[in-house]
Every structure is written in C-alpha cells, then in structure tokens.
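Visitor: The lines below spell out each chain.
Protein chains: 2
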Amino acid sequence: MIDKLIRNIERTGAPIVVGLDPMLKYIPEHLQKRAFEEHGETLKGAAEAVWAFNKEIIDHVYDLIPAVKPQIAMYEQFGIEGLLVFQRTVEYCKEKGLIVIGDVKRGDIGSTSEAYAVGHLGRVQVGSKLCSGFDEDFITVNPYLGSDGVKPFIKVCQEEKKGIFVLVKTSNPSSGEFQDRIVRAGITAGAGREGAGGITTADRPLYEIVGEMVAEWGADCMGSSYSNVGAVVGATYPEQGKTLRKLMPKAFILVPGYGAQGGKGADLAHFFNEDGLGAIVNSSRGIIAAYKQEEYAKYGAEHFAEASRAAVLAMKEDIAGALAKR
Amino acid sequence: MIDKLIRNIERTGAPIVVGLDPMLKYIPEHLQKRAFEEHGETLKGAAEAVWAFNKEIIDHVYDLIPAVKPQIAMYEQFGIEGLLVFQRTVEYCKEKGLIVIGDVKRGDIGSTSEAYAVGHLGRVQVGSKLCSGFDEDFITVNPYLGSDGVKPFIKVCQEEKKGIFVLVKTSNPSSGEFQDRIVRAGITAGAGREGAGGITTADRPLYEIVGEMVAEWGADCMGSSYSNVGAVVGATYPEQGKTLRKLMPKAFILVPGYGAQGGKGADLAHFFNEDGLGAIVNSSRGIIAAYKQEEYAKYGAEHFAEASRAAVLAMKEDIAGALAKR
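Protein sequence lines correspond, in order, to chains X and F.
All residue numbers for the first sequence refer to my numbering, where the first residue is 43 and numbers rise by one.
All residue numbers for the second sequence refer to my numbering, where the first residue is 43 and numbers rise by one.
Note that these hints are calculated values from the structure, not bench results.
Yeah, the Cβ is synthetic: ideal placement off N, Cα and C, and Gly gets one too.
Honestly, I wouldn't trust all of these hints.
If you only want the chain X side, here are some residues facing chain F, beta carbon under 10 Å, derived [stated by the list, open to error]:
1) Y117
2) D145
3) G149
4) H162
5) S170
6) C173
7) L187
8) K193
9) N214
10) R223
Please build the complete structure, drawing on both the sequences and the hints.
Guide: This is the structure:
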C-alpha cells in the first residue's frame, strides 16, 4: 500500500493528506439546517450534515491530493450514525482513487489488536466466509503496549497489503510528558524477561526508542523503497523530526500539526528524505474549515469547498517551496 | 460513578468484572449455526451470534457481579453490525443494574479526546439538543499522548459523573518494552516547555511516572473515598502492582490478566487496599468460555452460561480466599 501512496504522491506532486475531522462547528449553517430539517437534531441529523460536508470537500479536492485521513473520533462521537458516515466516507474516498488513512489510534494486547486489525485493515472469518468491516488502507496505531500489541497489525498488513503509522512523537503540547522522558541506557525494569526490550546503547528520549522499534517492525513489511510501517511525528516538533528521520530511514512519516496547530512549511523540510519522499503532511481544520479563515473568507460559507480547494493549493505551494529551499 | 461501582462491589461481595470479549471461536456451534441460518455468514450473522452469546451469559451471572467490561475491538471487528451489538450489550447490562466499563483504550490530542469522551461517556451537542452515543459508565484510556490527551476525558467524567481507567502497566508479555523503561530523574527532552512534565526525583520506570500522573489527575475527580480516575495494572505483574497501589492510594485498579492470561488469586492481594477495596479483577475467556475448560466441561456447549456462572463463583472464592489470607 505504501507503493500506491507514493504513486499517488508523485502523480499529484503533493505530499499532502487532508484530515476529514468534521466537528459540527466547522460545518456551514446551511448544511446543518438542511440535515436537521430532514432528520431532526439527532445523531442521524448530525451525521448526515457531516456526510454532506465531507462529500462536497472531497468532490472539490480529490484530484489535487493523494490521500485523506478521517479522524474516527469525530464520527464515533455521534455513535452508530456517525460510524455509518465514517464508513461511507472511507468508501467514497476509495472510489475517488484516494488512499484512506483511518486515524483510529487503536492498540491493545495481542488478540485484541488482531481484532482491530482485521476490522480496520483486513477481513474477519465468519463461518466459511471472509468479511470486511471498515477496510481503510492505512490506520494509525498506538504503541504503548509494546511489540505484541503492534505486531498483529503488521501481520494483517502483510496479508492484505495494507499499512500502519505508529505514534512516535505526537503534535500536541503535552506529548513530551511521557514521550520525551530520557530513558537510561541498557536497562529496563523487566530486563531479561522475554520481549521486555533489552539493551539500549545510550540515554535518550523514549520517542527515539519507539522510533527504532518502528524501523525494526517495518523491516518485515517493506514495499519497494519504503516500509508499510510508518510513523506519526508532529510538525510542531521539527528538531525531533530531524532525528527521527535518520533513525527510521525507510519509514514514511505522517506529519500532523501543520497549519492550525502551528506547524509551518519551513518546519517540514527535515521530515523528508533526499529523494523528496518519506513524509506526508496532514492538515485538517486548515483545509476543511478554510472558509472560516480571513484569507479565504471571500468564498463565503456557501462556497466552503472552493475555499478548501484554494487552501490545498496554497499548502501544496508552501511545502514545495520549503522543499526547494533545502 | 466510582461510588456506584463500590456499592455494587459491596452488595455482591465480589470485586470482579466479567470481560465480554466474545471472539467467534468462544461461541458455541449451536448459537453460530442459528445466527448464520437467519442472517447468513455475514457481519450481521456474526454480530447476532455474539448478541445471543452475551445475553445468555449476562442473564446467568448478573446477580453475582458488580460490573462487565465489553472489549470494543471484539465488536468493531464486525464493523457497524458489531458495534450495534456493542451498544445493545451496554444498554442491556445497564438495565440489569451492572456497571459497564467500555474497554476502548481511546486517547488522542485534546479536541479529539474530547470527541471520544462525549461519544463514550457523555453527550454531544447537536443543534439545541444533547445526544448520547455509546454511553458507557467507565472507559479505559491510553495515556501515551500526555495530559492534554487525558484531561478531556476527566472533564466529561466531572460533568457526567462517569469514570475512566488509565493504562499504566498492561498485562501483556511485552508491556515492559516501553512501560518498564527506566526514566532518568529530573529531565525530560522538552524540559521547561509548558506541559512537558517537569522534574522527577529519582530514576524509575515509566509506569511509575504514569501512575503518579493518574494520582494527580484523579485528585480533581474524587468520589467519596476513591477517585473516578482509576488505573489499569495487569495481574501478571504483582510486584509492580504493589508499588503502584502505594503510588495511587485513591485510584481504583482495574486488573486484567487473571485466569487465561496467567494471573492467580494469590497474585492479587497487593492490588487491594487495607479496606478490602481499591481493585476490581477482570476475567474474560476464563468466564465466558468456561465451558471449554476441562473443569467445566460437564456443562457442555448447550449449557455454556451455567459454566460461566460456576466459573464466576469459583473466581469469587479464589479472590476472597487470597484477601482473607493477607
């Protein structure tokens, strides 16, 4: 799947992913009104407003971008009705030729991670049949439970030719609270116990250790030049991105935090490899709620999706400029 | 909600939670056959088999136990159909007077954690109305993203009188890979930056630092004697449980890993406080698939739920015995 993502990036010339994280407050009044008139102020009404919003944005930007990243929490908050629209969004984006990165941040102990993996990336055995649940192309995975919580996802990636992005250094302000802790070399509390990590060579932050594990996990799941096991590293931490880029040379980095969270094009250059590949930058609010920004206010709420298209074009230029300057 | 959980524990005399993690391989043939005849070998067929299985178990054990813990991955693997049965299971258990701990292990950056929190514990604003999605009583939360990923859950707990259990030291074999890393005192890579953790006083494993944060977060969300912010610590790590019990005196500990994963009653005593409270022990496979164990084989697959009832009674006795011996 990483090869297909790379082909899409090369075709569009845009290492960009649009985050479909549709909070109701981003959705123009007229779409909310129409959905509520039809379905009431209910979970179904909210979900249908989300769908109308998503569809119009997708229709206006799909030719410019390689991938989308729906954030499942924004659908799950509306219960089953929201998840039906998550599923419809995944299907519609795939029909449009987009790679779909389900931002689900799942992760659990072995057998449970396996259930998430088949539900989101693979097929589940039902009697003599194999059935698909959500069927994204990639998902994000939380590594806090260690290898035996991550490997079931990789197994399914191998079987189904799918991919994952493992959280390494997240974009939020307090990501350092645990991820930046300086870990002592050579020791874990469970040292000697099977699977407990083993020897490290120097004191360094936890995110580097997670990054090294991503490189190790990814070696078993290679595409032609990059691995199907990528990493999430926030645009808001460019220095850490530089280090992690070197620690995980074959991992694609999914970079959230551009735009609304504060990351800028100039911060991003170090996330890419010399080949101009190796990273894909996400913007959510900055694209889907562009019409609310002063810069794109001229489009008005009626033409919100045209504002999104303009914002994608501006982001593409910003990143291309930053890469040209290196 | 922690007060209600404690009342339920005191009423039943059983600090036990039954994990409703229904993999198809645990479900007796006759239930699968019936569901597949009606709905085909489809996601709906699988989900209906799960529902029939859950309902019969709940009907046979609800009077013995204070709480259940459905593992959402086992439902999510069957897509929307599975999640409909997750929702039906949550509702049914609540009707039966059980506390429902949604084992969802969610966690993300601030605004996204907020969406998960309202979707699982609270109510989401839709126009002028407030609507509930899944509406569990407690959920499990993954802390890897730090305070700003956890606090939105706590805010919703305060508003809705609900609770969470934060993953601290998980029960799986490789949980030590990151959680047991020895963290250097006094330093984080992001030290000085707001929200980046700050000074620690001695080198110690990461799980202790997470445990201290649980105690800190929990202080803002107290019930009458315990906090609504609890912790997950695996039965498979009794020594770590002993340390964490002291670090988080007001946190209820949800203890997975009993039974099928290897934890025994004798390992559990240290997870409890002197008052006999402070912990609730989960068993999933050991209860719901009891009929597959030699000990309960006499019940046969037809009477699987009676085997589950017998297994609950044995677990209750095992834990009471271990607590009496301290």
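Visitor: Are D145 of chain X and chain F close enough, Cβ to Cβ, to be under 10 Å, as the hint says?
Guide: Interface hint status for D145 of chain X: holds (8 Å vs cutoff 10 Å).
Visitor: Once the shortest beta carbon distance from K193 of chain X to chain F is found, is it less than 10 Å?
Guide: 9 Å, holds
Visitor: Please check whether Y117 of chain X passes as an interface residue: C-beta within 10 Å of a C-beta belonging to chain F.
Guide: Holds - the Cβ of Y117 of chain X comes within 10 Å of chain F, reaching about 9 Å at its closest.
Visitor: Min Cβ distance, N214 of chain X to chain F: is it shorter than 10 Å?
Guide: Given a least distance of 4 Å, the restraint on N214 of chain X holds.
Visitor: Is the shortest C-beta separation between S170 of chain X and chain F less than 10 Å?
Guide: 6 Å, holds
Visitor: Answer holds if the nearest beta-carbon of chain F is closer than 10 Å to that of C173 of chain X; otherwise answer violated.
Guide: 5 Å, holds
Visitor: Taking the closest Cβ pair, is G149 of chain X under 10 Å from chain F?
Guide: Holds, because the Cβ-Cβ distance from G149 of chain X to chain F comes to roughly 7 Å (cut-off 10 Å).
Visitor: Quick check on H162 of chain X please, does its C-beta sit within 10 Å of some C-beta on chain F?
Guide: Given a least distance of 8 Å, the restraint on H162 of chain X holds.
Visitor: Answer holds if the nearest beta-carbon of chain F is closer than 10 Å to that of R223 of chain X; otherwise answer violated.
Guide: At about 4 Å, which falls below the 10 Å cut-off, the nearest Cβ of chain F leaves the hint on R223 of chain X intact, so it holds.
Visitor: For the hint on L187 of chain X, just tell me whether its beta-carbon gets within less than 10 Å of chain F.
Guide: Holds, because the Cβ-Cβ distance from L187 of chain X to chain F comes to roughly 5 Å (cut-off 10 Å).
The earlier numbered hints are all upheld by this structure, with none contradicted.
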